[in-house]
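Student: Please model the complete structure; the sequences and the hints are all you need to start from.
Number of protein chains: 2
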Amino acid sequence: MNYNIIPLNELINQFSRLPGIGKKTAERLSFSILEQPPEYAENFAKALTEAREKIHFCKVCQALTDLDTCQICDNPSRDHSTICVVEDPKDVMAFERMREYSGVYHVLHGVISPLDGITPDKLRIKELMSRLSSGEVKEIIMATNPTVEGEATASYISRLVKPMGIKVTRLAYGIPVGGDLEYADEFTLARSLEGRNEI
Amino acid sequence: MNYNIIPLNELINQFSRLPGIGKKTAERLSFSILEQPPEYAENFAKALTEAREKIHFCKVCQALTDLDTCQICDNPSRDHSTICVVEDPKDVMAFERMREYSGVYHVLHGVISPLDGITPDKLRIKELMSRLSSGEVKEIIMATNPTVEGEATASYISRLVKPMGIKVTRLAYGIPVGGDLEYADEFTLARSLEGRNEI
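Keeping their order, the protein sequence lines are chains A and B. Using the numbering used here, you'd call the opening residue of the first sequence number 1 and step up by one each time. Using the numbering used here, you'd call the opening residue of the second sequence number 1 and step up by one each time.
Quick caveat, the hints were computed from the structure, so don't treat them as lab data. Check the hints yourself; a few may be wrong.
Since the list can't tell identical chains apart, any single copy or any two copies may satisfy a pair.
[To be verified] Cut-off 30 Å, straight-line C-alpha distance, at most; resulting in silico cross-link-like pairs (DSSO-like, lysine-lysine):
1. 24 - 46
2. 23 - 46
3. 162 - 122
4. 24 - 122
Tutor: In structure tokens, the structure reads:
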């Protein structure tokens with residue numbers, strides 16, 4: 001009673017290696033590929049290989065790009081004296097969606113986490129420091145995540161940068177817009193009170 | 001302020017065409033592809049094209065296979081006198097997981113649904129009838145889904161098959177194993193009472 005379609009199993013297997021995709025979902029997705037016209041599978045396969053081949057890190061800011069330097073670093077109308085330091089290429093996307101920030105970025109590709117073996121030399125901190133040496137940069141905005149590791153990384157970098165006479169700022173903590181005070185945790189609420197502004 | 005990575009957008013676009021995958025999930029999956037070694041994207045792309053190219057319908061039972069006739073139809077140790085008629089190739093997988101059924105299958109690839117323009121001639125009913133003409137088949141188990149369309153299809157086929165002197169059965173309705181009576185809907189409960197067995 002063995003019913004085994006090897007190419008189907010292989011496809012299910014590849015889908016289930018994706019984060020958050022279990023066996024059942026992988027099966028559902030694989031069947032949906034088989035139900036669609038063959039062009040879809042072809043285009044999907046092409047998109048996969050092309051994305052993986054063409055996308056790499058911007059040689060300046062380490063964000064994702066398919067060019068030599070990314071569109072943000074290449075854009076003369078952006079403010080190259082302000083660098084927003086983030087953990088992950090996805091964070092650049094989040095900032096860009098906001099459409100409020102006109103400076104440039106630097107992606108660390110992680111946070112300092114000695115327990116996981118991630119020491120400062122594993123991050124793109126050297127690359128950040130070499131960008132600062134030109135003297136053009138006036139402000140570094142530390143936009144690492146509000147976690148213990150994110151905080152540690154922010155203060156580590158700020159200790160390196162401050163002696164160079166560059167202003168270092170950190171994103172504000174507080175209650176999220178549209179949030180409900182009742183459900184805010186005590187740490188967030190305390191930080192929100194601490195950072196209150198006159199209106 | 002335009003930050004556009006065309007190959008990434010294309011990959012996100014392909015992922016979000018999958019059923020149940022929204023924009024955010026498609027982004028997350030695409031980034032995970034970029035984070036993994038390039039071999040993963042290559043193997044994934046290969047699995048996609050191969051699955052779509054190699055898998056087609058078994059010429060006998062219309063289930064999915066990468067062979068000429070599927071492993072079930074080809075297996076002489078299975079009971080070829082019992083055909084279980086299902087709507088969808090996925091249903092064959094569900095039956096095979098059970099490991100209790102030793103007959104063969106027939107996949108209709110849909111159910112009769114005049115409102116959606118699915119008339120009996122759009123389903124693989126002709127193929128089923130030609131399998132019955134050999135006289136080898138003793139029983140047809142109608143295993144379409146317990147929906148209005150599934151029922152209608154089951155009784156349509158049973159009206160065609162019964163005059164040929166072939167036994168037609170239908171899967172039992174009842175409360176699901178491990179279910180809770182409290183949450184069973186009235187129709188299921190009524191059918192379950194109707195179909196009660198002596199113990």
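Student: With reference to the structure, classify each hint as holding or not holding.
Tutor: A quick look at each hint next to the structure:
no.	hint	verdict
1	24 - 46	both (25 Å within a copy, 21 Å between copies)
2	23 - 46	both (24 Å within a copy, 19 Å between copies)
3	162 - 122	within (21 Å within a copy, 73 Å between copies)
4	24 - 122	between (37 Å within a copy, 28 Å between copies)
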